[in-house]
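Going by numbering that gives the first Met the number 0, the sequence shown opens with residue 0, and the numbers climb by one from there.
Hint data in this document are derived by calculation from the structure and do not stem from the laboratory.
Mixed in with the good hints there might be a few duds.
What the hints assert, rightly or not - Computed cross-link-like contacts, EDC-like style, restricted to lysine to aspartate or glutamate with a CA-CA straight-line distance of at most 20 Å:
no.: 1; residue 1: Lys45; residue 2: Asp21
no.: 2; residue 1: Lys45; residue 2: Asp76
no.: 3; residue 1: Lys45; residue 2: Glu69
Claimed, not checked - Listed next, with one range per pair, are the computed distances between beta-carbon atoms:
no.: 4; residue 1: Gly46; residue 2: Ala26; range: 31 to 41 Å
no.: 5; residue 1: Arg18; residue 2: Pro74; range: 33 to 43 Å
no.: 6; residue 1: Lys45; residue 2: Ala86; range: 31 to 41 Å
no.: 7; residue 1: Gly84; residue 2: Asp59; range: 10 to 20 Å
no.: 8; residue 1: Trp87; residue 2: Arg18; range: 32 to 42 Å
no.: 9; residue 1: Pro3; residue 2: Trp87; range: 28 to 38 Å
no.: 10; residue 1: Lys20; residue 2: Ala86; range: 14 to 24 Å
no.: 11; residue 1: Asp58; residue 2: Ser83; range: 27 to 37 Å
no.: 12; residue 1: Arg72; residue 2: Asp34; range: 12 to 22 Å
no.: 13; residue 1: Gly82; residue 2: Asp59; range: 15 to 25 Å
no.: 14; residue 1: Met0; residue 2: Ser53; range: 13 to 23 Å
no.: 15; residue 1: Ser83; residue 2: Asp59; range: 11 to 21 Å
no.: 16; residue 1: Val88; residue 2: Asp59; range: 19 to 29 Å
Beta carbons: idealized from backbone N, C-alpha and C, even for Gly.
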Amino acid sequence: MPSPTEIAYAGQTARVLFRSKDVERSASFATVDTDGYGLCLRAPGKGVALLVFSQRLMDDAVSQVDDASEIRRRPGDTIACQGSGVAWVRG
């Protein structure tokens, strides 16, 4: 399960990425084809994205130096987010 820091990071990223307050994220990590931990993000009518953390974020804050996350939006990169098996939660 994502940590509180990862949940907050994903919510903020989704709001900026989709320019919407009405965003959702996957309840758990998605299967990622590379080393990392992926959370699916979406907003109504805006498609999906995969936020990949290279390492787990367990501290209360993320410094810019330590931030090695990646946002993937291409359909081939977001396959794990497109199935009906994804459990979505708000924010």
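Practice task
May I ask you to test the hint 11 to 21 Å on the CB atoms belonging to Ser83 and Asp59?
Solution key: For Ser83 and Asp59 the Cβ distance comes to about 35 Å; the hint is violated.
Problem - Restraint check for Lys45 with Asp21, where alpha carbons must lie at most 20 Å apart - result: Since the Cα atoms of Lys45 and Asp21 sit roughly 11 Å apart, the hinted pair holds (cutoff 20 Å).
Practice task
Hint says 13 to 23 Å; check whether the CB-CB distance for Met0 and Ser53 agrees.
Solution key: The hinted range 13 to 23 Å holds for Met0 and Ser53, with Cβ atoms some 18 Å apart.
Handout entry: Verdict for Lys20, Ala86 (Cβ pair) under range 14 to 24 Å
Key = The hinted range 14 to 24 Å holds for Lys20 and Ala86, with Cβ atoms some 21 Å apart.
Practice task
Confirm or reject the claim that Gly46 and Ala26 have a C-beta distance inside 31 to 41 Å.
Solution key: Violated - the Cβ-Cβ distance for Gly46 and Ala26, about 19 Å, lies outside 31 to 41 Å.
Practice task
Starting from the hint 32 to 42 Å, judge whether the C-beta atoms of Trp87 and Arg18 obey it.
Solution key: Since Trp87 and Arg18 have Cβ atoms about 19 Å apart, the given range 32 to 42 Å is violated.
Practice task
Given the hint of 33 to 43 Å, check if Arg18 and Pro74 actually sit that far apart at their C-beta atoms.
Solution key: Violated, since Arg18 and Pro74 (Cβ atoms, about 20 Å apart) do not stay within the stated range.
Problem - Distance restraint between Lys45 and Asp76, which requires alpha-carbon spacing of 20 Å or less - result: Distance of about 16 Å is within 20 Å: holds.
Problem - Verdict for Asp58, Ser83 (Cβ pair) under range 27 to 37 Å - result: Taking Cβ atoms as reference, Asp58 and Ser83 lie about 34 Å apart, which means the hint holds.
Exercise for the section: Starting from the hint 19 to 29 Å, judge whether the C-beta atoms of Val88 and Asp59 obey it. Expected result: 21 Å, holds
Problem - Distance restraint evaluation - Gly82, Asp59, Cβ atoms, bounds 15 to 25 Å - result: Because 33 Å falls outside the window, the suggested range is violated.
Problem - Outcome for the supplied range 28 to 38 Å, where the beta carbon pair is Pro3 and Trp87 - result: This hint is violated: roughly 18 Å between Cβ atoms.
This entry does not satisfy hints 4, 5, 6, 7, 8, 9, 13 and 15, going by the numbered hints stated previously.
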